[in-house]
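The listed protein sequences correspond, in order, to chains V and Z. At position 159 of the first sequence the residue is numbered 159 (our numbering), and the sequence of numbers has no breaks. When you read off a place in the second sequence, starting at 1, and then add 231, the result is the number in our numbering.
It is worth saying that the hints were derived from the structure and are not from the lab. Careful: at least some of the hints might be erroneous.
Quick list of simulated restraints, FRET-style, between CB atoms [as the list claims (entries may be wrong)]:
hint	chain 1	residue 1	chain 2	residue 2	range
1	Z	Thr303	V	Gly183	27 to 33 Å
2	Z	Leu237	V	Leu40	37 to 43 Å
3	V	Asp37	Z	Thr281	17 to 23 Å
4	V	Asp37	Z	Pro282	21 to 27 Å
5	V	Leu190	Z	Ala239	27 to 33 Å
6	V	Lys2	Z	Leu244	58 to 64 Å
7	V	Pro191	Z	Leu244	26 to 32 Å
8	Z	Thr281	V	Leu117	38 to 44 Å
9	V	Leu8	Z	Pro282	18 to 24 Å
Virtual Cβ for every residue (Gly too), placed ideally from N, Cα, C.
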Amino acid sequence: MKNTIVILLLATIGYYLGSIFVNIGFGDPRFVNGVKDTYLALTTSELKVANTVTSIVVNFRGFDTLGEVTVLFLAATALGGILYKKRHAVGERTVLFPASSIVKSGAKLIFPAIVLLGAYVFIHGHLSPGGGFQGGTIIATGFLLMLLAYDNFSVSHNVLSYIESFAGIFFVAFGIAGLMISGSFLENFLPVGNMNDLFSGGVVPIIYILVGFKVAAELTGVIYTVLHEKD
Amino acid sequence: MIYLILFAVLLLLMLAAAIYAVFQRDLLYAVIATGVISLVLSVIFYMLQTPDVALTEAAIGVALTTIIFIITIRNTVRHEDEHDKHSREKKIQP
Numbered sequence: 001m002k003n004t005i006v007i008l009l010l011a012t013i014g015y016y017l018g019s020i021f022v023n024i025g026f027g028d029p030r031f032v033n034g035v036k037d038t039y040l041a042l043t044t045s046e047l048k049v050a051n052t053v054t055s056i057v058v059n060f061r062g063f064d065t066l067g068e069v070t071v072l073f074l075a076a077t078a079l080g081g082i083l084y085k086k087r088h089a090v091g092e093r094t095v096l097f098p099a100s101s102i103v104k105s106g107a108k109l110i111f112p113a114i115v116l117l118g119a120y121v122f123i124h125g126h127l128s129p130g131g132g133f134q135g136g137t138i139i140a141t142g143f144l145l146m147l148l149a150y151d152n153f154s155v156s157h158n159v160l161s162y163i164e165s166f167a168g169i170f171f172v173a174f175g176i177a178g179l180m181i182s183g184s185f186l187e188n189f190l191p192v193g194n195m196n197d198l199f200s201g202g203v204v205p206i207i208y209i210l211v212g213f214k215v216a217a218e219l220t221g222v223i224y225t226v227l228h229e230k231d
Numbered sequence: 232m233i234y235l236i237l238f239a240v241l242l243l244l245m246l247a248a249a250i251y252a253v254f255q256r257d258l259l260y261a262v263i264a265t266g267v268i269s270l271v272l273s274v275i276f277y278m279l280q281t282p283d284v285a286l287t288e289a290a291i292g293v294a295l296t297t298i299i300f301i302i303t304i305r306n307t308v309r310h311e312d313e314h315d316k317h318s319r320e321k322k323i324q325p
């Protein structure tokens, strides 16, 4: 039974890989003129996204972005798996950074501003420079500041894992919806609106917001895990 | 012209921080020097008109990587072992 499944899986992969090699001749110059002109034209005419980098990262090369998010997820999971040896021993802070009252007050004051900046960066990812990864890391930096200033500041691991799982599932769900409706994975299927509007670009801003939540949750989880290491 | 001078100064600062990080025996100072490298690199990215990469470099290189190294140093040792250094020197001399 197991062998049959393995052979079937390998046969499917082999069929698709073989068809790629058969259909595209060896050394065949497919992109003689490059793809940049097509990308630049489609970004403004069809997708109505002001930031070309975002349209390439999320739409034209969206599958790569899914791979990057998966790599980050696997790294965070592996770190948690190595550092959390005993599940019940979680909760005690092992690395302490004694902070003065100036640092504490300043951290409390600046933390909402950092989170707001991160949210701004990933919500406006299709309009201005930045996007999901950048905004997510900025939010994680804010949580890092709070974790350094306050020894008893805690983040719920359940909430983090729920945010991470839902963002990942919805990313793939939007990709599959594009496959069903438009015929290609992660292709746009929503109305695009006017260029330079906040609600424009179809699925691009939605996917970047999901990526932002996912990256923020993952990196916050990594820092929290490292600070609460138990040996 | 002033752009090129600023660019050269930033590159030299990066190089100096990297050399300092390699030769410093106090690991905490070495880690902070690598943070300075990332900070200058993010300014250089901004000058090269890639604000996306500059944002990523500033958040990950300056804050997250540095703090993970500092936590590691707190859990292990801060200075390179002097005893180790002497024994290495003795081995080199015949």
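Verdict for Leu237 (chain Z), Leu40 (chain V) (Cβ pair) under range 37 to 43 Å: violated, 31 Å
Status of the given 26 to 32 Å range, CB of Leu244 (chain Z) versus CB of Pro191 (chain V): At 49 Å between Cβs, range violated.
Verdict for Asp37 (chain V), Thr281 (chain Z) (Cβ pair) under range 17 to 23 Å: holds, 21 Å
CB-CB spacing for Gly183 (chain V) and Thr303 (chain Z) relative to the 27 to 33 Å hint: With a Cβ separation near 48 Å, Thr303 (chain Z) and Gly183 (chain V) fall outside 27 to 33 Å, so the hint is violated.
Consistency of beta-carbon spacing, Pro282 (chain Z) to Asp37 (chain V), with hint 21 to 27 Å: Given range 21 to 27 Å: holds, Cβ gap about 24 Å.
Thr281 (chain Z) paired with Leu117 (chain V), Cβ distance criterion 38 to 44 Å: Given about 19 Å between the Cβ atoms, the range is violated.
Beta-carbon spacing of Leu8 (chain V) to Pro282 (chain Z) - inside the hinted bounds 18 to 24 Å or not: violated, 48 Å
Ala239 (chain Z) and Leu190 (chain V) - C-beta distance against the hinted 27 to 33 Å: Taking Cβ atoms as reference, Leu190 (chain V) and Ala239 (chain Z) lie about 48 Å apart, which means the hint is violated.
Status of the given 58 to 64 Å range, CB of Leu244 (chain Z) versus CB of Lys2 (chain V): holds, 59 Å
Figure legend: structure checked against the earlier numbered hints; hints not met, in rising order: 1, 2, 5, 7, 8, 9.
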